[in-house]
Amino acid sequence: MNTKIKRVSAVIFIICFILLLTLMSLFTLLKDKSQRFSYFENRMLSDVPQATAETVLSGTYMTDIEAYEKEYIILRDQLLTADALINTKILNRPVVNDIVITDSALLRFFPPNTETERSVLNEAETVANRLKAHSDQVSEYGGHFCYVAVPCQYVCFEKSYPWYLNNRSEYTNKSSSALFAELEKKGVDYIDMRKSAKNLSCGFGSTVDNHYGIEGAYQTYAQIIEHINKNSDIATKLFAESEFEKIQLPNRYLGSRARKLLGAWKSDEKLSIMYPKESIPFTRTDNGQSVENTVYSIPDKKEDVSYMVYMGGDNASTLIDTGRPDKPTALIYGDSFTNAVECISWPSFNKMYSFDFRHYEEKSLSQLIDELRPDIVICIRDYEALLLTELNGQ
Amino acid sequence: MVFTSITFLLFFLPVLLLIYYLPYGKYRLQIQNAVLLLFSFVFYAWGGVKNLSILILSILINYIGGVLVGKTKNATSRRIIFICFILLNFLLLGFYKYLGFAVRIVDKFGFSISVPKIVLPIGISFFTFQGASYLIDVYRRDVIFQRNPINVALYVSSFPQLVAGPIVRYATVEQEILCRKHSLNDFSDGLVRFMLGFGKKMILANSMGEVADEVFVMNSAGTLSIPVAWVGAIAYSFQIYFDFSAYSDMAIGLGRMFGFHFLENFNYPYIASSVTDFWHRWHISLSTWFRDYVYIPLGGNRCKLPRQILNLLIVWGATGLWHGANWTFVLWGLYFGILLILEKFFLKNLLNRTPAIIRHMATLLIIIIGWVLFRSNSIVSAEKYILTMFGRGSFVLRDAVYYIIEYAPEFVMCVIASLPIKEKLSDYAEKKQSTSVAVFWCREVGIKLFAFSVFVLSFIKLVTNSFNPFIYFKF
Numbered sequence: 019m020n021t022k023i024k025r026v027s028a029v030i031f032i033i034c035f036i037l038l039l040t041l042m043s044l045f046t047l048l049k050d051k052s053q054r055f056s057y058f059e060n061r062m063l064s065d066v067p068q069a070t071a072e073t074v075l076s077g078t079y080m081t082d083i084e085a086y087e088k089e090y091i092i093l094r095d096q097l098l099t100a101d102a103l104i105n106t107k108i109l110n111r112p113v114v115n116d117i118v119i120t121d122s123a124l125l126r127f128f129p130p131n132t133e134t135e136r137s138v139l140n141e142a143e144t145v146a147n148r149l150k151a152h153s154d155q156v157s158e159y160g161g162h163f164c165y166v167a168v169p170c171q172y173v174c175f176e177k178s179y180p181w182y183l184n185n186r187s188e189y190t191n192k193s194s195s196a197l198f199a200e201l202e203k204k205g206v207d208y209i210d211m212r213k214s215a216k217n218l219s220c221g222f223g224s225t226v227d228n229h230y231g232i233e234g235a236y237q238t239y240a241q242i243i244e245h246i247n248k249n250s251d252i253a254t255k256l257f258a259e260s261e262f263e264k265i266q267l268p269n270r271y272l273g274s275r276a277r278k279l280l281g282a283w284k285s286d287e288k289l290s291i292m293y294p295k296e297s298i299p300f301t302r303t304d305n306g307q308s309v310e311n312t313v314y315s316i317p318d319k320k321e322d323v324s325y326m327v328y329m330g331g332d333n334a335s336t337l338i339d340t341g342r343p344d345k346p347t348a349l350i351y352g353d354s355f356t357n358a359v360e361c362i363s364w365p366s367f368n369k370m371y372s373f374d375f376r377h378y379e380e381k382s383l384s385q386l387i388d389e390l391r392p393d394i395v396i397c398i399r400d401y402e403a404l405l406l407t408e409l410n411g412q
Numbered sequence: 109m110v111f112t113s114i115t116f117l118l119f120f121l122p123v124l125l126l127i128y129y130l131p132y133g134k135y136r137l138q139i140q141n142a143v144l145l146l147f148s149f150v151f152y153a154w155g156g157v158k159n160l161s162i163l164i165l166s167i168l169i170n171y172i173g174g175v176l177v178g179k180t181k182n183a184t185s186r187r188i189i190f191i192c193f194i195l196l197n198f199l200l201l202g203f204y205k206y207l208g209f210a211v212r213i214v215d216k217f218g219f220s221i222s223v224p225k226i227v228l229p230i231g232i233s234f235f236t237f238q239g240a241s242y243l244i245d246v247y248r249r250d251v252i253f254q255r256n257p258i259n260v261a262l263y264v265s266s267f268p269q270l271v272a273g274p275i276v277r278y279a280t281v282e283q284e285i286l287c288r289k290h291s292l293n294d295f296s297d298g299l300v301r302f303m304l305g306f307g308k309k310m311i312l313a314n315s316m317g318e319v320a321d322e323v324f325v326m327n328s329a330g331t332l333s334i335p336v337a338w339v340g341a342i343a344y345s346f347q348i349y350f351d352f353s354a355y356s357d358m359a360i361g362l363g364r365m366f367g368f369h370f371l372e373n374f375n376y377p378y379i380a381s382s383v384t385d386f387w388h389r390w391h392i393s394l395s396t397w398f399r400d401y402v403y404i405p406l407g408g409n410r411c412k413l414p415r416q417i418l419n420l421l422i423v424w425g426a427t428g429l430w431h432g433a434n435w436t437f438v439l440w441g442l443y444f445g446i447l448l449i450l451e452k453f454f455l456k457n458l459l460n461r462t463p464a465i466i467r468h469m470a471t472l473l474i475i476i477i478g479w480v481l482f483r484s485n486s487i488v489s490a491e492k493y494i495l496t497m498f499g500r501g502s503f504v505l506r507d508a509v510y511y512i513i514e515y516a517p518e519f520v521m522c523v524i525a526s527l528p529i530k531e532k533l534s535d536y537a538e539k540k541q542s543t544s545v546a547v548f549w550c551r552e553v554g555i556k557l558f559a560f561s562v563f564v565l566s567f568i569k570l571v572t573n574s575f576n577p578f579i580y581f582k583f
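Taken in order, these protein sequences are the chains called A and B.
The first sequence runs 19 to 412 under the numbering used here.
The second sequence runs 109 to 583 under the numbering used here.
No incorrect hints appear here.
Below 25 Å or equal to it, Euclidean Cα-Cα: the simulated DSS-like pairs (lysine-lysine) are:
hint: 1; chain 1: A; residue 1: Lys22; chain 2: B; residue 2: Lys539
hint: 2; chain 1: A; residue 1: Lys24; chain 2: B; residue 2: Lys532
hint: 3; chain 1: B; residue 1: Lys289; chain 2: A; residue 2: Lys24
Note that these hints are calculated values from the structure, not bench results.
Next comes chain A alone, as it looks inside the complex:
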């Protein structure tokens, strides 16, 4: 009897193994590989590697094939999700897929001791000199330049990091102090939203995304307009919160942090949008092409939403034209942190130009200022990018 059970268990075991491998290989081979976009990774999956004599002889082709197979294996998303669930729910790891899991938010993970000795002071001076040059250029024709430093998520939730994890606070404090000291010295107008914001970790920054939500964007917008009205002669209308209609989107908000956990972490946070109650017609031009006149890109109710709702994501250049020449013209530049602010601030301006120099290459900022002569130039940079000099740091 025991021998029979032993034999039967061996047969079942072997059959299960062979069946598992065979089915997985068959379904992987038959899987439709035309769908190349990986939703949770937000990237295109690799193309079929091409075999050449050199790559086959050296083994590179086989390595590429392996990587290709891993990206197109059947049930890949489900297996990735299972891994995230095991790590978050069963093993309770503090860091999963480079995301720090805290009670209040999903945060970015900084590996131990990755900060190299950087010359913060030199970098701050370089950045400040550039901003001073832009500020002077704008002032020359009577315009106003304003630099806005926005705390990104890890700065908002600095205190939420477990004590044994790197929250980059030392670098954050050093870099921001150095830059603001230089800006003060050079007389460049700036706003530090870290000081000005209300409740950084409760309403300003997102719990599931690197960016802020509409609430944080509104606070930033209000600070900018108040600042410009106080420090310049350019009268700009500040639309109060009550002058907006705020709508919370019912969709699941899958921010950049939550996406890395493949939705394994449940969050109550929702994305909101704000429309001015006053009807203000406008036209929108993206990268020189006319597009639909909306500042929000809202998917179907069943789909997840992300920060891309704001302005439809990053564009090289955008022009919102409201056709009200009595209002000032603004030029806003920076990376994705400008997007949410643009969605709220456009009603305050006649024309609002927006540039993202990560994607825009036609002209430099100086050339654009010369050409467009906007009344207000606003640079929005998050705390992580304060001392960067490439692209939007020009």
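Since the structure of chain A is already known, use the hints to place chain B on it.
Just chain B, lined up with the frame of chain A:
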């Protein structure tokens, strides 16, 4: 190709199993051998087709050498042929693995020799030693030379142990190459072994590798603190053990699935109570290779004390060098050589009087320090690391706490898996299963369920992880 790859699991292995078990009739075994050989070539060529020529060259050297040595009657001629072919074996290894190292040494004396970039073929140290052992055994008349080139080729290149061992002696597998039996129990037990080895690699070794890699980078960057240095050293000790023993488990398991019974390569080395004991448990196939083919021919224990010490130093220097063309490996080998000499000739009485727990902890400490030396890129880097471990650095707990908390499940599993719990349970089950139904079910069904679960979890890790080469592949 590696065992822990999608290509191997989903395509290579199922197709091989199907084709291997299809033949029947009188020439079944010969066809199976040919199939295994062909697939072994494909397995090896998957890492680069041009490497296959080197493997085939090694096979030819050992096959032709074996035939000539086997057939030659005259003792002097036999000896000359043997020396020539052994030299050819090691010239091949020397060219691909040690030429650059030798040139760097010569250049230190003022020369400036340029050497083209030579890519080290995967597993060359393993299959060279394996082939050489066949040739030596033929020369010593411990085995009869094999006339069939397919059988020699299969012995040298059999994919389960081709690229990372264990180093199999021809005598162990000769009969099985010629007339092995396949059984359901062997296949099933082999599969369990393979699955558990797969889990060891994907779950334990890879996780420990993440910790070790990051910590050793900190050492290079000069940001290593004392607690993290210890965490990193322990993590690497686990990584190298589970990485290598996992491969051996998978090799042994796969061997059994095809009817081969390879010898064990590890025997819970981290429970060793002395360095001597450790080396009876670690990479057994390599240490016995050096014992049988280098140490004993040099005179072994049968010489005076100074000569014995010299023999040991030669063997352990060579053992270190086998692992890599770098002074850190040579130093690592000599480090253990000196400790073994001390244990064998000078500290025997002291060891016998020392309580077991202290002997065990001291041995572990010695092993961990040895692994730091082994892992470091240079002697300077190793020195820096070891000095940090022993106090020359900051005492910042933060990073160490992160690693311990983040990888707590793996650290705990590593400790458990380092202990011979499986053997104790197996012995208990052996005694009880005739009387206890529960024990029987646990043993026969439970272990399979456990292995299958481990395999599934490991497969999930495979999909989520990036490419993961084995450590010993660079040998």
